[in-house]
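**Q** Sequences listed follow chains D and Z, in order. Residues 766 to 1128 (my numbering) make up the first sequence, in order. Residues -18 to 363 (my numbering) make up the second sequence, in order.
What the hints contain is simulated information worked out from the structure, not anything from laboratory work. Cβ coordinates follow ideal geometry from the N, Cα and C atoms, glycine included. Be aware that one or more of the hints could be misleading.
Said to hold, decoys possible - For the chain D half of the interface with chain Z, some residues (derived, Cβ under 10 Å), not all of them:
hint	residue
1	Y775
2	G923
3	P925
4	S926
5	R1098
As the list claims (entries may be wrong) - Negatives, chain D to chain Z, calculated, CB over 10 Å:
hint	residue
6	E772
7	D793
8	L795
9	P821
10	M836
11	M867
12	F901
13	A974
14	K976
15	A995
16	K1017
17	N1035
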Amino acid sequence: MIRSAQERGYADGYRTSYPAGHHRGWCDALLSWHASKTHPVRDVHLLYVTTGMGVPYAPIDEAVVDTLSRMVARLTVCRPTDDVPGVAFQEKPHGMLVLNGMNLETAKVARVKEMGIRTAVWMTDDPYYSDVTGLFAVHYDHVFTLELSCVPFYRELGCPSVHHLPFANDFRIFRPRPEDPAKRVDVLFIGSGYWNRIRFFDRIAPYLATKNVMIAGWWWDRLANYHLLAGKIRLGQWMTPAETAEHYASAKIVINLHRAPDDDSYNRNNRRLPALSVNPRTFEIAGSGALQLTDVRMDLQNHYAPGQEIVTYESPEDLIGKIEYYLAREDERLAIIRRGLKRTLREHTYEKRLDALLQVLFA
Amino acid sequence: MRTKRKRAKRTWKRASRLWHIRRRGYAAGYGGGYAAGYHAGRCTMVHERLASASAQFVPYDKSVMYVSQGTPGFRTIDRGIMNALGRLTREAIHVTSGDPVALLAELHRPDLVLVLNGIFSVGTDQIDRIRAMGIPTAVWVADDPYFSDQTRIVATHYDVVFTHEISCVTMYREAGCREVHYLPFAADPDLFRPAHPPAMQTDVLFIGMAFPNRVAFFNRLFPMLTRRNVLIAGGGWQHLAGYDRLKDRIWLSGIDPEMTPLFYSGAKIVINLHRSDQEAGNSRRFPGLSVNPRTFEIGACGTLQLVDERAELVRHYTPGQDLETFSSPEELMEKVDYYLNREDVRRNLAVSGLKRTLRHHTYAHRLHHMFQLLSQPGGVWG
């Protein structure tokens, strides 16, 4: 009797934890394999100008610097407020890459270009600030934008070389990790309460109120149904990427809902350029090993196969149906996560993006 | 009234004790299940990544007729060879030794007739007829050196002889075979793979027939066999000393070859003990220097292998890194104790062995090598 109680307990425990162990073992083996890959170093000297801003840009700067330092023979880093032409004159780099470019005076760019140094900018906010970015893009030899719809826009402005270059996942931060029991939730959303999101969440609030949910970010008190979700909302809490990553890794489902391109209260996009491309979060959630439910953007299918590597929803009702479906089917959920992670590691890393960029810059 | 309350109290106490025992069991099982799952997941990933190694080989524009022996003991080898032939040739035709092989060869006109073993199976008269048609013939001997007295004579009827036993290469040359090559066996990664979830959890597993040298060896393992969660599967093990006490750990009916990967994957340690080379069918006493197919098959399942050392082993695996070796029953028991207590070390060895197998020891690798040898100048395809 005692023996069988012990054995039954053991068997139950074994069965319960085996799939989770299998999933993590698989993910870790995949990660360590990718980590062991080495990339050839390009024999060039690159000058990198940071965004010069704090969050949320600083982590991107860090990721780019970290990746570039392994990809080029020499890397010089400076801020847009530094004497960039002076540094360029002294260090004589082969090329200059500017991230975002909003804070770098165009005169400085022009002077660097005069020295015969190839210049490139990688736009990080398109299309939301196209009124501003449109003013300085022409000063660069090469323009890279993460927004597909901005490619023709910059071309029409007269930029000679314009390329679509989406963001990527920084696997140093967003990676599958052991889940934190304190952060364990079924459904998670992290992000600011832009009006399109508020309207959407107001419609699913009665449903979410019955679930193990967490929402974190600014402005969520604008929800008409705020009282239904008040206990589940971490209002005004801005999380560091590391914290966000921990929350992603401890959630079963993470919702991604893109911001609207025509929200005039925060945007400077008078031309109403559409948003066709996915946000950086798409890659980050996929890289964290959580199941991502995302709204559809045209460019999405070029990055992930819907239904295979990611799950999409068309409407609030569709979202509810899919949350229910995947919460009840652990195997399917894990299988999609694994495929999404594989794709992210294969294609959506900073190495891949910067390799494409350097290819263009030093062609 | 009082007795009733007492009884209720007693029942409650008992139930609560059982509940605690069960909860402790659950906690232990939870840890064990997670660790086992983790290892299985790691192996699955490695397999996904490396099992398609045969895709790197460019197929040959040739048609090959494969003659299998048709006995159950060679079924996994047959399937491995056929799977690889399907990928590496234009056309792979599978016939068994009971078929009218010469007639079928005349019909299909293949670029090569490849016979496995060739001793119990297809008659040499058939081979002579095929050769007379101008179709090249090759034999891959799978049981050297145990039947070398017979294979020596049979082999002379073929154009090319492949043997997995390096000590027999010179024997065939001296017997008059023109072209003789050493070609070790391998594993089929589609058949032998880390299974998820495995069939049965064991600490120590041995699958194989009870040849006399094996029984003698296992007789000296008795203390370990009673103490550990052991499974021995194969015919003839009733001759083991203390069989009555070990009965429930011995499956005399053996395990179906198709099922063995499920058992290998569920074992913490798999023992591989080669058959003795001092047997009647090997009267000239050619030494067994090469490893058996099982070495590769265990390696393909992501489990730690303890194998008796043969000279050729280091050519395929690095002991202490991809697997472990033993030379006496005492050493085996010592290593079993060591590795059962060191889960991480054991599992790292197992993963390393799996990688090595998938990178170098699949049938696709072997057949690719075989075709390269045949295509050399002066070879039958040269």
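**Q** If any of the earlier hints don't hold here, list their numbers in rising order.
**A** 2, 3, 4, 5, 6, 7, 8
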